[in-house]
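All chains should be built: construct the whole structure from the sequences, respecting the hints.
Residue numbers (UniProt numbering): 1 to 64.
None of these hints come from the bench; they were simulated from the model. C-beta atoms are modelled at their ideal positions from N, C-alpha and C, and glycine is treated no differently. Not one of these hints is a red herring.
DSSO-like cross-link-like pairs, simulated, lysine-lysine; straight-line CA separation at most 30 Å: (1) K27 to K38; (2) K45 to K27; (3) K14 to K27; (4) K14 to K45; (5) K14 to K38.
FRET-style restraints, in silico, Cβ to Cβ: (6) T36 to N59: 36 to 44 Å; (7) T57 to Q37: 32 to 40 Å; (8) N59 to M34: 29 to 37 Å; (9) R26 to T5: 15 to 23 Å; (10) G35 to V58: 31 to 39 Å; (11) E18 to E55: 16 to 24 Å; (12) T36 to D7: 15 to 23 Å; (13) V58 to K38: 33 to 41 Å; (14) V58 to Q37: 32 to 40 Å; (15) V58 to T36: 35 to 43 Å; (16) R56 to T36: 27 to 35 Å; (17) M34 to K14: 20 to 28 Å; (18) K38 to R12: 26 to 34 Å.
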Amino acid sequence: MQTLTVDEVAARLKRRPEWVRRLIRRKELRGYNMGTQKRPCYRVKEQDLTAFMDERTVNDIERD
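Written as structure tokens, this is what we have:
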């Protein structure tokens, strides 16, 4: 199981890190706080990022 930092997730999605943090706080993207409540340090499992992206697929393309 590989975990990704907020910056790594943001780079993969081509978004800003704050956008990723907001998704985690809103529970739209599953994240794990490895820090404290006052200073969160989020990590995202690669499989959770994949599930997040799969849920937001616009077109279902049949794959061979």
